[in-house]
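Enquirer: Here are the chains, one letter per residue:
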Amino acid sequence: MYRTIIIGAGITGLSIARWLTRYRGLQVIVIDKEPDVGWGVTKANTSIIHPCHEEHPDKHPLRSKLCLEGHNLWYKWVKELEIPAKWPGEIIVATNDEELKGLHKYIDYAYRIGVPGVRLIDRGEMLRLEPWINPDAIGGLYAPTAGTINPMMAAIAIAENIVDNGGKLLLGTRVEDIVVRDGKVVAVETSKGGIEADIVVNAAGLYADKISRMAGIDDYSIHPRRGQYLLFSDRVDVKPNKILHTAPTPKTKGVYAITTVDGNLLIGPTAEDLPEEAREENTTTHQGLDFIYEMASRILRKLPPRNKVVKTFAGLRPEPSTGTFIIRFHEKPWGFVEAAGIRSPGLTAAPAIGKHVSKLIIERLENIEPRKDWRSKRQAIPRPAYMAPRERDKLIRENPDYGWIICVCRKVSLGEIMEAVKRMKKIGVPEITLDGIKFRTHSMYGDCQGSQCRPHIAYLLWKRLGIQPWRITTKGDGSKYAFTEVKALLRGDRGA
Amino acid sequence: MLSPKSKPSYGVIVVPDRITKKDYDTVVIGGGPAGLAAALKAREKGLETLVVETRDRLGGIPLQCIHPGFGIHYFKEDMTGPEFVYRFIDKLLSTDIDYTVKSYVNMAEYVSPMEKKLEIITPYGTEIVRTKTIIYAAGARERTRYEIGITGPNPAGIMTAGEAQTLMDMYGVMPGKKILIVGSGDVGLIMARRFVLEGAEVVGVVEILPYPSGLIRNVQQCLKDYGIPLLLSHMVISVKQRNGRVSSAVVVKVDENFKPIQGTENEIECDTIVIAAGLKPRTKLLESLGAQIDPRTKGPVVNEYFETTIPGVFAAGNALIINDYVDYAVEQGELAALAATKYVDEKGIRIKKPVKIVLGRNMRLIVPQMLTLTSDALFYGRVARPEDNVWLSFKEIGFKIPQLKVLPSIMIRQKIRLDKLRMLETDTLTVEVIPRD
Amino acid sequence: MTRQVKKIICIVCPRGCEITVELEDGKIKSIKGYSCPLGKQYAEKEVVNPERILMSIVECVGGDLPVVSVKTAKPIPLSRMIEASKALADIAVKAPVEIGDKIFENLLGLGVDVIATRPCHEQRG
Ligand SMILES: Cc1cc2nc3c(=O)[nH]c(=O)nc-3n(C[C@H](O)[C@H](O)[C@H](O)COP(=O)(O)OP(=O)(O)OC[C@H]3O[C@@H](n4cnc5c(N)ncnc54)[C@H](O)[C@@H]3O)c2cc1C
Ligand SMILES: Cc1cc2nc3c(=O)[nH]c(=O)nc-3n(C[C@H](O)[C@H](O)[C@H](O)COP(=O)(O)OP(=O)(O)OC[C@H]3O[C@@H](n4cnc5c(N)ncnc54)[C@H](O)[C@@H]3O)c2cc1C
Ligand code: SF4
Numbered sequence: 009m010y011r012t013i014i015i016g017a018g019i020t021g022l023s024i025a026r027w028l029t030r031y032r033g034l035q036v037i038v039i040d041k042e043p044d045v046g047w048g049v050t051k052a053n054t055s056i057i058h059p060c061h062e063e064h065p066d067k068h069p070l071r072s073k074l075c076l077e078g079h080n081l082w083y084k085w086v087k088e089l090e091i092p093a094k095w096p097g098e099i100i101v102a103t104n105d106e107e108l109k110g111l112h113k114y115i116d117y118a119y120r121i122g123v124p125g126v127r128l129i130d131r132g133e134m135l136r137l138e139p140w141i142n143p144d145a146i147g148g149l150y151a152p153t154a155g156t157i158n159p160m161m162a163a164i165a166i167a168e169n170i171v172d173n174g175g176k177l178l179l180g181t182r183v184e185d186i187v188v189r190d191g192k193v194v195a196v197e198t199s200k201g202g203i204e205a206d207i208v209v210n211a212a213g214l215y216a217d218k219i220s221r222m223a224g225i226d227d228y229s230i231h232p233r234r235g236q237y238l239l240f241s242d243r244v245d246v247k248p249n250k251i252l253h254t255a256p257t258p259k260t261k262g263v264y265a266i267t268t269v270d271g272n273l274l275i276g277p278t279a280e281d282l283p284e285e286a287r288e289e290n291t292t293t294h295q296g297l298d299f300i301y302e303m304a305s306r307i308l309r310k311l312p313p314r315n316k317v318v319k320t321f322a323g324l325r326p327e328p329s330t331g332t333f334i335i336r337f338h339e340k341p342w343g344f345v346e347a348a349g350i351r352s353p354g355l356t357a358a359p360a361i362g363k364h365v366s367k368l369i370i371e372r373l374e375n376i377e378p379r380k381d382w383r384s385k386r387q388a389i390p391r392p393a394y395m396a397p398r399e400r401d402k403l404i405r406e407n408p409d410y411g412w413i414i415c416v417c418r419k420v421s422l423g424e425i426m427e428a429v430k431r432m433k434k435i436g437v438p439e440i441t442l443d444g445i446k447f448r449t450h451s452m453y454g455d456c457q458g459s460q461c462r463p464h465i466a467y468l469l470w471k472r473l474g475i476q477p478w479r480i481t482t483k484g485d486g487s488k489y490a491f492t493e494v495k496a497l498l499r500g501d502r503g504a
Numbered sequence: 007m008l009s010p011k012s013k014p015s016y017g018v019i020v021v022p023d024r025i026t027k028k029d030y031d032t033v034v035i036g037g038g039p040a041g042l043a044a045a046l047k048a049r050e051k052g053l054e055t056l057v058v059e060t061r062d063r064l065g066g067i068p069l070q071c072i073h074p075g076f077g078i079h080y081f082k083e084d085m086t087g088p089e090f091v092y093r094f095i096d097k098l099l100s101t102d103i104d105y106t107v108k109s110y111v112n113m114a115e116y117v118s119p120m121e122k123k124l125e126i127i128t129p130y131g132t133e134i135v136r137t138k139t140i141i142y143a144a145g146a147r148e149r150t151r152y153e154i155g156i157t158g159p160n161p162a163g164i165m166t167a168g169e170a171q172t173l174m175d176m177y178g179v180m181p182g183k184k185i186l187i188v189g190s191g192d193v194g195l196i197m198a199r200r201f202v203l204e205g206a207e208v209v210g211v212v213e214i215l216p217y218p219s220g221l222i223r224n225v226q227q228c229l230k231d232y233g234i235p236l237l238l239s240h241m242v243i244s245v246k247q248r249n250g251r252v253s254s255a256v257v258v259k260v261d262e263n264f265k266p267i268q269g270t271e272n273e274i275e276c277d278t279i280v281i282a283a284g285l286k287p288r289t290k291l292l293e294s295l296g297a298q299i300d301p302r303t304k305g306p307v308v309n310e311y312f313e314t315t316i317p318g319v320f321a322a323g324n325a326l327i328i329n330d331y332v333d334y335a336v337e338q339g340e341l342a343a344l345a346a347t348k349y350v351d352e353k354g355i356r357i358k359k360p361v362k363i364v365l366g367r368n369m370r371l372i373v374p375q376m377l378t379l380t381s382d383a384l385f386y387g388r389v390a391r392p393e394d395n396v397w398l399s400f401k402e403i404g405f406k407i408p409q410l411k412v413l414p415s416i417m418i419r420q421k422i423r424l425d426k427l428r429m430l431e432t433d434t435l436t437v438e439v440i441p442r443d
Numbered sequence: 055m056t057r058q059v060k061k062i063i064c065i066v067c068p069r070g071c072e073i074t075v076e077l078e079d080g081k082i083k084s085i086k087g088y089s090c091p092l093g094k095q096y097a098e099k100e101v102v103n104p105e106r107i108l109m110s111i112v113e114c115v116g117g118d119l120p121v122v123s124v125k126t127a128k129p130i131p132l133s134r135m136i137e138a139s140k141a142l143a144d145i146a147v148k149a150p151v152e153i154g155d156k157i158f159e160n161l162l163g164l165g166v167d168v169i170a171t172r173p174c175h176e177q178r179g
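Here the protein sequences come in this chain order: A, B and C. If you use my numbering, the first sequence corresponds to residues 9 to 504, in order. If you use my numbering, the second sequence corresponds to residues 7 to 443, in order. If you use my numbering, the third sequence corresponds to residues 55 to 179, in order.
If you are wondering where the hints come from, they were derived from the structure by calculation, not from laboratory data. Among the hints, erroneous ones may be present.
[Said to hold, decoys possible] Label-pair ranges, simulated between beta-carbon atoms: (1) Asp-394(B) <-> Ile-146(A): 21 to 31 Å; (2) Asp-382(B) <-> Arg-499(A): 54 to 64 Å; (3) Tyr-301(A) <-> Asp-382(B): 58 to 68 Å; (4) Pro-92(A) <-> Gln-298(B): 23 to 33 Å.
All values reported here derive from a predicted model rather than from experimental measurement. For each residue, glycine too, the CB sits at the ideal point set by N, CA and C.
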């Protein structure tokens with residue numbers, strides 16, 4: 009039995025783990041410092057499954073290969089794992105001749121990488137394909153295969169599938185050191201003690217360079233490149249069907265406008281290089297948001313007013329100093345594997361990175377066989393409000409909680425919330441968090457951002473499970489939802 | 007799926023009651039003051055009535071408003087929110103009005119003028135109900151930090167006033183110790199006092215306007231009584247965090263166009279930011295029915311019967327227009343019920359002459375937005391800016407009422423009788439505020 | 055002889071009249087600016103001994119909600135509001151509670167009772 013430890017429960021680490029659970033003779037453990045999966049870079053991105061025609065086939069041969077392969081694997085993965093996804097295609101919108109000319113090269117890239125259907129379209133066809141495009145635009149590039157998924161739902165689904173197949177998650181556990189003996193990795197030291205390992209995979213996103221250093225590898229570094237977003241209400245009329253994208257310029261990669269799988273208009277991101285130490289600076293700024301709004305207005309016929317924004321947020325891209333994905337199996341120290349610098353299109357490439365990395369590992373080990381009992385399928389949490397009455401009533405008869413809609417913005421029932429809690433416990437979250445429930449059920453995720461349902465959810469968790477509202481956190485650590493009982497401050501138990 | 011109807015004993019409403027019929031004259035959506043008042047009036051007038059409420063109990067917002075200030079107009083008594091609303095709940099429980107809690111109207115379909123179909127999800131299954139009319143009284147939701155443009159990270163500890171109030175006064179949970187309040191409307195002022203009375207520190211109330219937007223008496227009894235600082239012409243532009251919880255707010259002074267003045271940024275330490283920046287009518291279901299929404303009130307466009315642009319679908323309370331007083335919500339509920347009765351009896355509401363209400367000088371919003379000219383009309387509106395010594399004028403009919411003072415925060419309520427309205431020769435009626443003399 | 059002019063915002067009703075009270079040696083000489091008798095009464099009281107109704111919550115054991123809302127049956131001195139709220143921190147009542155039920159007697163010895171403003175029914179199941 010080989011013990012494989014994967015550091016990082018982001019989309020990269022989880023995809024690697026999913027591939028590895030297919031084999032007999034391996035014990036798979038995924039470690040993350042956060043109390044849940046996907047809370048790093050995976051949480052905040054544009055969520056596009058890229059067609060991959062924007063990758064330079066010569067400069068980034070591995071990345072373009074993994075991108076396309078990952079893209080193709082996602083079709084299967086979203087079905088097996090019931091991940092919300094759609095495949096509307098993408099248009100890069102040119103607003104002047106120079107931009108239009110710049111688009112030609114992507115046809116060449118597409119041809120060489122093998123991306124199907126990419127072609128230039130004139131203004132007339134473009135506006136027919138997508139009436140929400142600004143009529144001032146002059147033409148564009150159409151890539152029909154582009155899709156989008158909900159990345160958090162994906163991470164959660166994969167995590168559940170891993171556990172279902174015997175893998176293990178150690179969440180809320182920070183890796184602090186890697187122990188190397190006789191030129192081989194033998195263990196990782198964590199905030200919760202040491203764990204022996206035969207293989208250690210570094211999929212630590214923004215912190216991958218720090219993890220590599222623990223194993224004595226220091227030939228690259230990572231700095232954050234911030235991307236800010238504006239997310240609009242699912243009730244605004246501006247709902248482009250296609251994924252839209254401003255033409256990339258030498259300075260910026262461009263801003264997207266996309267209707268997410270949840271039905272919200274999302275615009276962004278910015279591309280701001282931050283200093284190396286700013287790895288937690290996922291904060292929005294007025295400048296950043298104004299810039300996005302201005303850029304998006306160039307490609308859209310109309311933008312909803314700013315007061316229809318339901319959320320603003322920022323993500324940080326883990327930009328490697330080498331400029332490219334760092335994926336390698338080290339002979340020195342033997343057993344140390346990296347999937348580092350996984351910047352865009354890391355979400356798209358994830359299933360392929362997982363396959364590639366698992367192959368690097370498997371081919372170096374002995375007596376590893378594919379499992380016959382591996383389960384490819386995972387079921388999503390049922391959503392009664394979106395079911396036919398007959399199906400819904402069957403569910404409600406078994407469990408009346410499915411008949412009480414708690415979150416009115418997203419129509420989420422108490423049953424879904426309780427099921428989410430059950431599943432969180434099953435994958436081994438160290439604490440139930442409100443964000444964990446949010447990402448699994450999409451309660452607290454709509455127009456009111458939880459102001460209407462969150463206190464009731466917290467109360468019901470208290471009543472049903474005994475978790476007091478002052479013990480529950482939003483996102484782990486010190487992010488407590490409340491402080492104490494109302495009267496406790498006057499009694500003087502200030503501690504709380 | 008139907009069970010025999012048994013009324014719970016006095017006051018017990020935590021157990022969902024059932025929907026007993028397949029057909030109703032009116033279905034009231036929302037069990038707050040407006041909805042309860044509408045249901046009682048509708049039943050009194052003989053309509054078969056159903057109330058649908060999503061929460062686990064009837065009562066709406068006043069259940070959690072434990073301060074006095076309710077019912078001064080309606081009962082001529084000063085009561086707390088729960089005392090006020092329980093008068094209606096208790097009365098409703100003594101009637102045979104059907105109600106169902108923990109129930110959500112998932113879909114509404116307009117079949118014909120005398121038939122609307124509702125799909126209601128309840129803990130005892132899906133109920134399909136037909137009704138001649140709908141009274142939509144689903145209340146309002148609060149604006150969030152994102153809608154008022156507060157940037158920065160997304161830590162815990164930023165919540166709306168209503169969320170804080172639910173935690174404290176329904177569930178006995180203290181959301182924070184060092185509180186900054188955004189918005190000096192009555193809700194913000196009242197919450198500031200609530201926090202102080204329970205031993206928390208309120209570091210300030212931030213208001214973008216140059217004057218407090220709540221009643222002066224609330225400025226007195228909520229802030230001045232306890233020495234809470236009020237920062238006028240200021241706004242919160244961003245927040246900072248520590249360990250995932252908010253640690254401070256960045257506050258800046260604004261000029262007369264509400265633009266931040268460079269160099270006036272100031273960081274105020276706090277562990278909780280309470281957003282009391284106004285309410286927005288809940289209109290999701292009305293929108294799904296195709297009702298027209300007024301961009302000013304953010305509620306539905308209605309005629310003097312509070313009938314939306316969908317025949318037989320009425321609106322009342324905060325779902326119609328954001329009210330200062332619960333009394334107005336109740337009044338609208340009762341009027342909507344009378345209108346629904348008329349609709350049922352007369353198979354629709356006829357239009358004598360369609361009139362459009364036009365907003366004139368210094369008027370920011372108004373309901374109704376149109377008239378049929380078949381009944382007296384009760385107008386509720388708000389001005390755009392404060393003014394002293396003015397006329398509230400209904401221009402084309404030459405009707406003027408003197409006002410000593412108008413303020414955006416104080417709703418104007420004015421009834422105009424049908425005989426006056428009939429004098430209208432045009433198809434528009436302009437409501438304006440004009441200086442006296 | 056000391057003369058004093060106090061400006062008071064009347065809080066009796068939403069109109070919020072600004073009332074001016076003239077005092078001479080602590081005695082009221084004139085009251086101006088009120089629009090109704092209630093306002094005058096209020097001002098007379100407010101200049102000597104401001105009083106308010108306290109509202110708060112009290113723990114309710116075995117209830118369908120963890121707390122019941124309460125208020126003082128009569129106004130109490132403003133200066134003792136927080137102290138009074140604190141006095142409610144150590145008590146709990148048992149469900150069922152109905153509106154108007156006496157929750158606490160003679161708060162801080164002020165001769166004022168605390169009464170429930172919201173029912174709290176027994177928790178079922
Ligand atoms: C603004 C933006 C837009 C993007 N848009 C797209 C897009 O549209 N399409 C696309 O394909 N890609 C996109 N990407 C890229 C994609 O999001 C990332 O490539 C992908 O999410 C990276 O996943 P990951 O698992 O490598 O990293 P992460 O999700 O960050 O996972 C790493 C995990 O490691 C954990 N960790 C770190 N240090 C430690 C430690 N010491 N101990 C334990 N755990 C640790 C972290 O907590 C984290 O959960 C975008 C990225 C950004 C930022
Ligand atoms: C902090 C605060 C202080 C206040 N102070 C005062 C005061 O001192 N004096 C005063 O007169 N007024 C006061 N008010 C205003 C008063 O509470 C409101 O005017 C009144 O509650 C409005 O009544 P409503 O019935 O329209 O809405 P609500 O009370 O909001 O009731 C609406 C009901 O509809 C339900 N609902 C929503 N969506 C659906 C759906 N799809 N299906 C079924 N049910 C649904 C909700 O759960 C809710 O129970 C205050 C308000 C607040 C927030
Ligand atoms: S004086 Fe009378 S009218 Fe004026 S605020 Fe007081 S109670 Fe109201």
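Enquirer: All hints are to be evaluated individually against the structure, with a verdict given for each.
Expert: Against the structure, the hints:
The hinted range of 21 to 31 Å is not satisfied by Asp-394(B) and Ile-146(A), whose Cβ atoms lie roughly 56 Å apart. Take Asp-382(B) and Arg-499(A): their Cβ atoms lie about 55 Å apart, and the range 54 to 64 Å holds. Taken as a hint, the range 58 to 68 Å is violated for the pair Tyr-301(A) and Asp-382(B), whose Cβ atoms sit roughly 46 Å apart. Separation of Pro-92(A) from Gln-298(B) is about 32 Å and conforms to the stated range, judged on CB atoms against 23 to 33 Å.
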